[in-house]
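Chemist: Chain by chain, the residues:
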Amino acid sequence: MGRDSIQRRLITTVVISQAILTAGLVITGVFVTYWRLLSSLDTGMQAHTMSVAALVRYTEDASGNVYFDNSLLPESIDPNHPDQFMVWADRTGFLTRSEDWPDGLQFEPGPNQHWNFTFAGVPYHALRIQHLPVLDREEGADFHPQTLTIVYASPTIHIRQQVKAAGVFIILASLLLLGATVWLAFWGIRRGLLPLQTLAQQAAQVSAQSWQLHPPREAEEIEELRPLTESMTQMLARLESSFVQQREFLGNAAHELKTPVAVLKSTLQSLLQRSRSSEEYRSGLQAALQDLDRLEQLLQWMLRLARAERWAQDARRRGLDLIDINSTCEEAVERIRSLAQSRNTDIQLSTDGPVPFRADPEDLQLVWTNLLENAVRYSPEGGSVEVAVTHDDQNARVVFQDRGLGIAAEDLPHIFDRFYRGDPSRTRTTGGFGLGLAIAKALVEAYGGSIAAESAPGKGTRMTVTLPAGSRFVTDQGQQDI
Amino acid sequence: MRVLMVEDEPRLAENVARSLRESAGYAVDIAADGQEGLFLAESNAYDVMLLDLMLPKMDGMELLRRIRQSGQHTPVLVITARDDKESVVALLNAGADDYLTKPFDLGEMLARTKALIRRGKGQPSPVVVIGDLELNTVNRTVQRGGRAITLTAMEYRVLEYLVHRPRAVVSKTELLEHLYDYNWEKFSNVIEVYISGLRRKLNEGSTRQLIRTLRGQGYMLQD
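Chains A and B, in that order, are what the protein sequence lines are.
In terms of my numbering, the first sequence has 84 at position 84, counting the first letter as 1, and numbering is strictly consecutive.
In terms of my numbering, the second sequence has 1153 at position 153, counting the first letter as 1, and numbering is strictly consecutive.
Any given hint could turn out to be false.
To be verified - Every beta carbon over 12 Å from chain B, so not counted as near; a handful from chain A, in silico:
#, residue
1, Thr13
2, Thr28
3, Leu38
4, Trp183
5, Gln197
6, Leu225
7, Gln246
Stated by the list, open to error - Straight-line Cα separation of at most 30 Å, DSBU-like style, residue types lysine-lysine; simulated pairs:
#, chain 1, residue 1, chain 2, residue 2
8, A, Lys258, B, Lys1114
9, B, Lys1201, A, Lys265
10, B, Lys1085, A, Lys265
11, B, Lys1201, B, Lys1121
12, B, Lys1057, A, Lys258
13, A, Lys265, B, Lys1057
14, A, Lys258, B, Lys1085
As the list claims (entries may be wrong) - Have a look at the derived ranges for each label pair, beta carbon to beta carbon:
#, chain 1, residue 1, chain 2, residue 2, range
15, A, Pro457, B, Thr1152, 51 to 59 Å
16, B, Ser1070, A, Asn344, 39 to 47 Å
17, A, Ser275, B, Met1058, 33 to 41 Å
18, A, Tyr281, B, Thr1152, 24 to 32 Å
19, A, Leu339, B, Val1193, 50 to 58 Å
Simulated from the structure, these hints should not be mistaken for laboratory data.
For every residue, glycine included, the Cβ atom is placed at its ideal position computed from N, Cα and C.
Looking at chain A on its own, in the form it has when it is part of the complex:
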């Protein structure tokens, strides 16, 4: 149906090459057969010419005249089609010719020659031989010997028939061979492509519930299929991990939404449980509004995370301006200042000089704000948070150091997980949703950087963000192209 198929292509290739081969074989076979038959005919005709020459004798006198003794004529090469010959002596002239020489056929003596001709519908092969000595030689001083010229022609009808028969045989054999080849190719290719079908069946069974691809062993053993099965397996592994991640996120998100929804619902229901004074309704509605605010905040954080993770996929493709990392840090410190003041926390920002980086300043500010907010919230009242920006020729590092409670060792590996909260009580009172660090990580990784946390419980936490912002990366194309 207009669809291409490997099988059809392979078989077409086989058939075409086989057909070319067959044609060549037929032509060569016919030509060789014809040539061989003709050359053996020619040899026989030369022998017959000699026999004819042997029948020329000198007369019994010394004149040197010759005559033809036709009592011992050689038999025709083809009994059904008589050979023809014509003999001349150099002095006597025309001497004789075969009995049934066709009328109207004329030859002249001349140099040696082999040729073909057709006369009266009969194809002939002919040869002319000069200077043939008369073998029946008389000896004598005044004897004048003569030489002969003989034209010998033999019909080639039987050669043509044999060549035709040989041609037919070769064609038939080749066709048989062609058929067998096509059948074998068909069968072989079908068999050869079978692992592909099994593979396709296996691949068809892959679904969101079952990500396992079980490539058939043949497919793994076949060299041509191995890259396909390997890349399929790897692709499925990648898809599965991102799918599982998405599903986990959805599950977590739904789970996280349940509590604020439960709060809001219970607030409204308890308000409606009986009739109340307008003052009670007012405070109840205010409470519901607060619950709704918190729900809205959670949704905003979730959207931010989703955006940050989507960013990861196309951050490198966007055309971004060069910005100074320091200025984004200053902006973040500014945003956190009122929180820090309310907790009487001091924020110290230090830098070792401008660090140009190609990024969306909003993204970086969000990262710094999240990290700073955590540092400030987990610092004791009146504590201090240090932010230090340093860079070398490869990377820029932004370090956030607080002197707060620190993070328990068992929580440390999970703090960048979405919705992870080491101790729920702490975040309930500090208002977090367990998304800030996940967002920071997603954004930092979107820019090819990394984020790491070290913590000593009771002494404080140090968050280090490393970005590929070293001077050698900042070219006209931007470091994103690397």
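Dock chain B against chain A, hints included.
Modeler: Frame of chain A, contents of chain B only:
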């Protein structure tokens, strides 16, 4: 009846407690974390416990196990955000009596809480009948011999508790413990007032005394 609510989300705890107080007339104590919950559960007599699973300091599951290990049979209604089969099975196996998934309906929460209290006291029906006294825990109405009796909220709560422990001697302290939250001691002299009010209303048009006073021991509801 006295309820312990262990919930770290203060707004949710407040709403549930208010609903239990207003609609069922129960006394409610609130614990904001697992440790406080365990302390309260071990030091007070509750008729039912409402327990959130995600709790700071000690999670709900652990709290539930500890309570059951110490031999307390107080019915426990678990409030959870997870409603998959595995976690429900794990909950019930850990000793929970019932569960509610967030977000839940306050009416459903009330109904389940009441049902758990009744079952905890061996009284499966919402309408309790003792002799000619009939108490409906759903509508909170009382009848004696077909005659409707109007009670104040506190009188009803005293009668409800007594009805759930028929023919048993209930001390004044027990009544106080189950009718008030943790600062019940302030109310120690009001029980007599409610009992006498109850007797007066219940005995109207009837000669047989329903509530007996056992001097120095407490009160007993008899048929």
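Chemist: Please go over all the hints and tell whether each is borne out by the structure.
Modeler: Comparing the hints with the structure gives:
Listed as outside the interface, A/Thr13 is consistent with that label: its C-beta sits roughly 58 Å from the nearest C-beta of chain B, beyond the 12 Å cut-off. Separation of A/Thr28 from chain B is adequate, the least Cβ-Cβ distance of about 79 Å exceeding the 12 Å criterion. Under the 12 Å C-beta cut-off, the non-interface status given to A/Leu38 relative to chain B holds; the minimum distance is some 94 Å. For A/Trp183, the requirement that its beta carbon stay farther than 12 Å from each beta carbon of chain B is met, with the minimum near 59 Å.
Residue-level check passed: A/Gln197 sits 39 Å from the nearest beta carbon of chain B, beyond 12 Å. Chain B leaves A/Leu225 outside its interface by the beta-carbon criterion, the shortest separation being 40 Å against a cut-off of 12 Å. Remark: the non-interface label on A/Gln246 is consistent with the geometry, its nearest Cβ contact in chain B lying 18 Å away (cut-off 12 Å). Annotation: proposed proximity of A/Lys258 to B/Lys1114 holds, straight-line Cα distance about 24 Å (limit 30 Å).
In summary, the hint linking B/Lys1201 to A/Lys265 is not supported, as the alpha carbons are separated by about 39 Å, beyond the 30 Å threshold. A C-alpha spacing of about 24 Å is found between B/Lys1085 and A/Lys265, which places the hinted pair at or below 30 Å, so the restraint holds. The hinted pair formed by B/Lys1201 and B/Lys1121 meets the criterion: a straight-line CA distance of about 25 Å does not exceed 30 Å. For the hint pairing B/Lys1057 with A/Lys258, the CA-to-CA distance comes to about 21 Å; that is within 30 Å, so the pair holds.
Straight-line distance between C-alpha atoms of A/Lys265 and B/Lys1057 comes to about 26 Å, which keeps the hinted pair within the 30 Å bound. Between A/Lys258 and B/Lys1085 the alpha-carbon distance is near 18 Å, which keeps this suggested pair within the 30 Å criterion. At roughly 55 Å, the beta carbons of A/Pro457 and B/Thr1152 sit within the given window of 51 to 59 Å. Between B/Ser1070 and A/Asn344 the beta carbons are some 44 Å apart, a value that agrees with the proposed interval 39 to 47 Å.
Range check, A/Ser275 to B/Met1058: Cβ separation about 40 Å, and the 33 to 41 Å hint holds. Taken as a hint, the range 24 to 32 Å holds for the pair A/Tyr281 and B/Thr1152, whose Cβ atoms sit roughly 26 Å apart. At roughly 53 Å, the beta-carbon separation of A/Leu339 and B/Val1193 lies within the given 50 to 58 Å, and the hint holds.
Consistency note: the structure conflicts with earlier hint 9 alone.
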